[in-house]
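Chains as they are written, first to last, in the working numbering: chain A, 340 to 792; chain B, 340 to 792.
Where hints are given, some of them may not hold.
No distinction is drawn between identical chains; accordingly, a pair holds when it is met within one copy or between any pair of copies.
Distance condition first, Cα-Cα at most 25 Å in a straight line; then the derived PhoX-like pairs of lysine-lysine [what the hints assert, rightly or not]:
#, residue 1, residue 2
1, Lys697, Lys787
2, Lys766, Lys663
3, Lys766, Lys697
4, Lys508, Lys368
FYI, nobody ran anything at the bench for these hints, they're computed from the structure.
Below are the chains, spelled out letter by letter.
There are 2 protein chains.
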Amino acid sequence: MLDLRNVDRARLGNDGLDFASELNAHAAKLEAARDAVQARFASGTDAYLGWMALPQGDVLPEVLRIAERAQGRFDDVVVLGIGGSSLGGLTLVTALQHPYFNLLGRRSAARVHFVDNVDGDVITGLLEVLDPRRTLVNVISKSGTTTETMAAYLSCKAWLSGALGADYKDHIVATTDPEKGILRPLAQREGYETLPVPPTVGGRFSVFSAVGLLPAALGGIDVRALLNGAKRAHDVFAAPASDNDVLKLALVNHLFAERGRNINVFMPYSTRLRFLSDWFAQLWAESLGKHRRGDGERVGTTPVKAVGTTDQHSQVQLYREGPKDKIVTLVKVEQADRAATIPNAEPNEPEMSYLGHKPYQTLMNAELVATAHALAEAGQPNVTLTLPRVDAENLGFLMQLLMLQTAVNGELLNINAFDQPGVELGKVLTYALMGRPGFDERREELQKAGVEI
Amino acid sequence: MLDLRNVDRARLGNDGLDFASELNAHAAKLEAARDAVQARFASGTDAYLGWMALPQGDVLPEVLRIAERAQGRFDDVVVLGIGGSSLGGLTLVTALQHPYFNLLGRRSAARVHFVDNVDGDVITGLLEVLDPRRTLVNVISKSGTTTETMAAYLSCKAWLSGALGADYKDHIVATTDPEKGILRPLAQREGYETLPVPPTVGGRFSVFSAVGLLPAALGGIDVRALLNGAKRAHDVFAAPASDNDVLKLALVNHLFAERGRNINVFMPYSTRLRFLSDWFAQLWAESLGKHRRGDGERVGTTPVKAVGTTDQHSQVQLYREGPKDKIVTLVKVEQADRAATIPNAEPNEPEMSYLGHKPYQTLMNAELVATAHALAEAGQPNVTLTLPRVDAENLGFLMQLLMLQTAVNGELLNINAFDQPGVELGKVLTYALMGRPGFDERREELQKAGVEI
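In isolation and in its complexed conformation, chain A is listed as follows:
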C-alpha cells in the first residue's frame, strides 16, 4: 500500500534517496523508536499514549447507547469543538456520509454540523436553520476552558433553553475529561449526558475516543469498522522495519526534513477525503513543531493541505517549478463506491470522446500517477499511500497509521510529540484582552505595547 519509487535515487538522481540502504542503515534506530513508544504505552503510566488503546473500543458501548437513543429523535447534531475536538469527527463524517448528505430528502441519520470558530455570523446563521426540538448539541472540550467552544456552548444553551425550557438538558451531551476541568462538574450539575476524553489522550489523537466516535455514530457511520481498521494499523506497526510502512514513512519524512525540505504536502486524490488533509495538518504541525530537547533547536516541517486533482490546477505549478523544498504524500483510492463512468455524451468531439465510457476512478488515478511522475521528474520526492476504497475500516486504518507515524517522527526528532506549550501565550493574551479576571498584569503589558483589539 506504500509506493516509494518516487523518493528513490533511481528516479530522482541526487534529489532522491538510496532508500533500500537508508532503510537498512536506520532499521535499528527506527525499531528502537517504535519499541520506545510501545514500551511507554505498555507501562500504562505514560501521560500521553492513551490514544494507542482507543482501537480497543472501551467507550464504544456508551457511544452506541447514546447514538441509539438519539436515532429518530434528532435531525441535526451540532458539534462544538475546535482543533482536535472537531477535525477528527469532521473528517469521518465528510468522508463516509453521502457526499451531499445534508441535502438529501430522506436521511437515515442526523446531519452533523461542526462549529469550530467564534464567527458570530456563522453560529447565529446555523441556529437559524435548525429546529431546537430536533437538535442535539455535543459540546467537546477536554478542559472545559476552550474559549471558542465555551462561547458557542453559551449560545447553544441559551437557544435551546429559550425554546425548550427545562428540557434543554436532554439536548446536550458533554464530552470532556472524566474528572478534571470545569465542564464535567457543570454537566453533572445540569444533568447532561456525558462521555469521557481519557486524560492520556490529546485532542489531535482523540478521533477514536468519544470525541470522534459520537459525532460519527450520530451521523450513521459504522464506528466498529473504524476501530477494526485502526487495530490493523498496529499490526503493521509491530512488523520489522523492512516490512513496516509506518517506519518507512517516518524515515522518508525524517531524511528529507534533515536535507532541508521543510514543507510536507498531504494530498489525497478524493474530494471526500479533503478534511483528512486538515486533520493530518494539525496532527503533524502540533505534534512536531517543537523546541528540541537538549539544544532547544526549533524543528518541525510545515504541513500543506491539498486535494487531488483539484490542486493540480492550483499548486502543482509551484511544486514542479518552484524550489526543491517539499515532500509530497499522495493518497490513492483504488475503487470508488459507485463505479460511475463518464458518459460518451459528445461522441463526435475527439477531444472529449476518449473519456467516454471510462470509469471516473480511472481518470482520477491516471491524474495521480501522472502528477506523481511529473513531480519526481522535477526533483520533488513523493510517496503514494493506497486505500482499497473510502470506507470506515480503511479510513480507521489510515488515520491510526498516520498517528503512529507521527509518534515515531517525534521520537526521531527527540521532542515531545504530545504536548503543545506554544499555544499557551495566545490563550493568555486573549484572556487578558477579553477582561477575564486574573489577567490584569498581562492586560497592562499589552496596553503599554499599544496592542488592542
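Dock chain B against the given chain A, drawing on the hints supplied.
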C-alpha cells in the same frame, strides 16, 4: 488597513525589518515595477493583463441578463470548473451568501454547487439530490480541453438530456474563450448561452470576469459592488510607495523570501472567508512558483491556507515553536454583519461568565491580536489586513489588491507571473494514460518506466 508593526525590528529584533528605511530604499524599484505593469496594461497589447480591465465591468450587462433570466427558473446552479474556474466564484458565494444558505427553507437566489474534481461518487451524489428541471449548469473552461471539467460536463449533459430531452440546452451556459478552443464552437452548435473569458485573462485572475461574476450573480451576490470595490484597489495601486499598501505588502513578502522564509501563511479570521485562503493559495503558488528569467533559478514561496481562530488550535504551535521559515498574513474583519453577542448563559461559572454579553467579533479580534503578538514574540513576522466588514465591495477590493500585489511580486522576482508551464507535463501524461489519440509515444515511455494507473 495594513498593519506592519509585527514585521518591524522594533518588535522582532533581528528577525524583523527596519521597514521605514527598507521602504525608502526600495521605493523607486517598487514604483518602477508598478509602472511597468501599468504601462504594459495601458499598451493594450499585453497578452496577460486583461484582468486589470475587469473592474470596468464590460461583461456586466451580459451576466446580469443571464442571471435575471435564471431568477425563479432555477433552484440550483452547478458550476463545472477547476482551479481558477472555480475558486473565485466559490470564494464569493461562500463569503457573501448566508453561511447556511443551502439549508435555508426559503431562498432568494439559487444554491450554487461547485464541481472541481473528478470524484465520481461526489458528482453522481450531487446530481442525485438535484432536480434537472430546476438546475442550471455553468461549464467554465477557457480552452474547453480541461479534462476534469469536460468529464463533469459529459455527466451533466447526459443527466439533463436524459431528463429533459432537447430542452437540456436551455439549462447549460458555457463560459469560455470568445474564439479559440473547442467549447465555443460546441456551445454554438448546441445552442447554449455563452459568456466570454477574455483571452488576456488567466484563470487565477478571472474572478471579476464572467467566470466569477455569473456564479456570484446567480447566487444573489451584488456583483456591481464587487467591481466597485475592485476599482478602489487601483486607486491604492496608483499612490506613491510611501502610501501604497499594495507595494508595501509586496515588499514585505519579497524581503522575507529573500531572507529564506519560504512559507507564506494566509489566515483570515473569518469562517466565511475560508475559501479566500484557497483562492489566494492558487494565485500565489501558480503565479510565483517559477523558473526565474535569465538564470532559471527555481523561485516561489509556498502558500499555506489557514483560518483563524480555528487554526490556532492546529497550526500555531508549529508557527510559534517551529523554524523561523514563515511570514503570516492575517485578515481582520472589523464588524460582523449581525453583531451577535455571547449570551451570559452560565453566570455562576467565572471561567465562562467573563465572555457574557461581549460581541463575538470582539472575541474573534482579541484572538487575532493575541496571536499576532504571540507570533511576533516568537520571531515570526506577520501583517494584518483589515476589512471594515465582509461584504461585496470590501471583498472585491481585497481580491483585486491581492492580484495587484502578486503582479508586483512577479516583477520583483523577474518572472512571468501569468503563465503556468509547469502543469503541462502532468496533463500530457494523463492524456497518455487515458488513451487519448496522439499520445502513443508518451504512453510507451510510461510503460517502459513501469508507470501505470
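At 25 Å max between alpha carbons, let me know whether Lys508 reaches Lys368 within a copy, between copies, both or neither. Answer is neither: 52 Å inside a copy and 64 Å across each miss the 25 Å cutoff.
If the cut is 25 Å between Cα atoms, do Lys697 and Lys787 qualify within a copy, between copies, both or neither? So Lys697 and Lys787 pass the 25 Å test across copies only (23 Å; inside, 66 Å).
State whether the alpha carbon distance between Lys766 and Lys697 is at most 25 Å within one copy, between copies, both, or neither. Between copies, since 17 Å is at most 25 Å while 52 Å is not.
Checking an output row: Lys766 and Lys663, CA cutoff 25 Å. Within, between, both or neither? between (36 Å within a copy, 21 Å between copies)
In the structure shown, a violation is registered for the earlier hint numbered 4 alone.
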